[in-house]
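Make the full structure from the sequences, and use the hints.
Under the numbering used here, residue 243 is the last one in the sequence shown; the count climbs by one each step, no gaps.
There could be a bad hint or two in this list.
Said to hold, decoys possible - Here are the simulated DSS-like cross-link-like pairs (lysine-lysine), alpha carbons at most 25 Å apart as the crow flies:
#, residue 1, residue 2
1, 222, 187
2, 76, 6
3, 162, 144
Said to hold, decoys possible - Just the calculated beta-carbon pair ranges, DEER-fashion:
#, residue 1, residue 2, range
4, 64, 190, 19 to 27 Å
5, 155, 234, 25 to 33 Å
6, 189, 19, 28 to 36 Å
These are calculated hints, taken from the structure and not from any lab test.
We put the beta carbon where it would ideally sit given N, CA and C, even for glycine.
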Amino acid sequence: MSSEGKFKEISPADFFYRNRDIAGFSNPVRALYTAVRELVENSLDACEARGILPDIILFLNIEGQADSEKNIVRIKIADNGGGIPPEHIPNAFGKILFGSKYTLIQSRGTFGLGGKMAYLYGQITTNNPLEVTVGYQKKIFFFKIMIDIKKNEPIVLEKKEKPNPTKWNGTIVSFTLEGDYFRAFPKILEYIKLSALVAPYSNITLVDTYGRLIRFSRSTLKMPNPPKETLPHPHGVDVEMVK
1 MSSEGKFKEI SPADFFYRNR DIAGFSNPVR ALYTAVRELV ENSLDACEAR GILPDIILFL
61 NIEGQADSEK NIVRIKIADN GGGIPPEHIP NAFGKILFGS KYTLIQSRGT FGLGGKMAYL
121 YGQITTNNPL EVTVGYQKKI FFFKIMIDIK KNEPIVLEKK EKPNPTKWNG TIVSFTLEGD
181 YFRAFPKILE YIKLSALVAP YSNITLVDTY GRLIRFSRST LKMPNPPKET LPHPHGVDVE
241 MVK
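Have a look at this one:
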């Protein structure tokens, strides 16, 4: 006796919601570490793509206790990477598989998934929105965003804009997630130290939940030229690409 199967389509956001472990969010320690790593790499990429010496500040703060092993941790990161055009901000932070990484340009990120997976993980574990502040040209834009998992679309809960008299260009991202702060922190500190080592032209500052400030100052003002988009290598071209 046979029965017909049910066919169903799910969105990219729904897929990663169901399979979050493949993106590195399999346990509280790894989730917090992965979220920090992805955000720092996004900030470094944003600065390096524009030839800007990176100034990155990362805040980690325990806001509550989920259970005996998990904390509610707020991650806040600020950079001077040039900002994002306001019309792209909701999708850039609230739509899976939307971003600036889908070109043949060298960068740390390849799929544009890591940061948004961190936001998605934070949403499903704490049910709090993502807060984004962007300085772009003459204005500062503020958004509160959640992700519609079924539709893979951003839900804009709040939007504000104001003048930017200091002409600050950059991005500030703040959200909460469940993580094991005390077990993850040593791994995070080691990652920040190694990131500062391989990017000696950057200032990276970490402020922990006790207010302690750990700063890795740049040791040079020289940085690599911004990467340029390349053409596909002939060895890697297939029939579909030729079409």
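Structure-based check of each hint:
Using a Cα cut-off of 25 Å, the hinted pair residue 222 and residue 187 is violated, with the two alpha carbons roughly 28 Å apart. A hinted pair counts as satisfied when its Cα atoms are at most 25 Å apart, and residue 76 with residue 6 does not qualify at roughly 42 Å. Under the criterion of a C-alpha separation no larger than 25 Å, the hint pairing residue 162 with residue 144 is consistent with the structure, at around 15 Å. Take residue 64 and residue 190: their Cβ atoms lie about 26 Å apart, and the range 19 to 27 Å holds.
Checked against the hint of 25 to 33 Å, the C-beta distance between residue 155 and residue 234 comes to roughly 44 Å, which is inconsistent with it. Between residue 189 and residue 19, the C-beta spacing of about 29 Å keeps the proposed range 28 to 36 Å intact.
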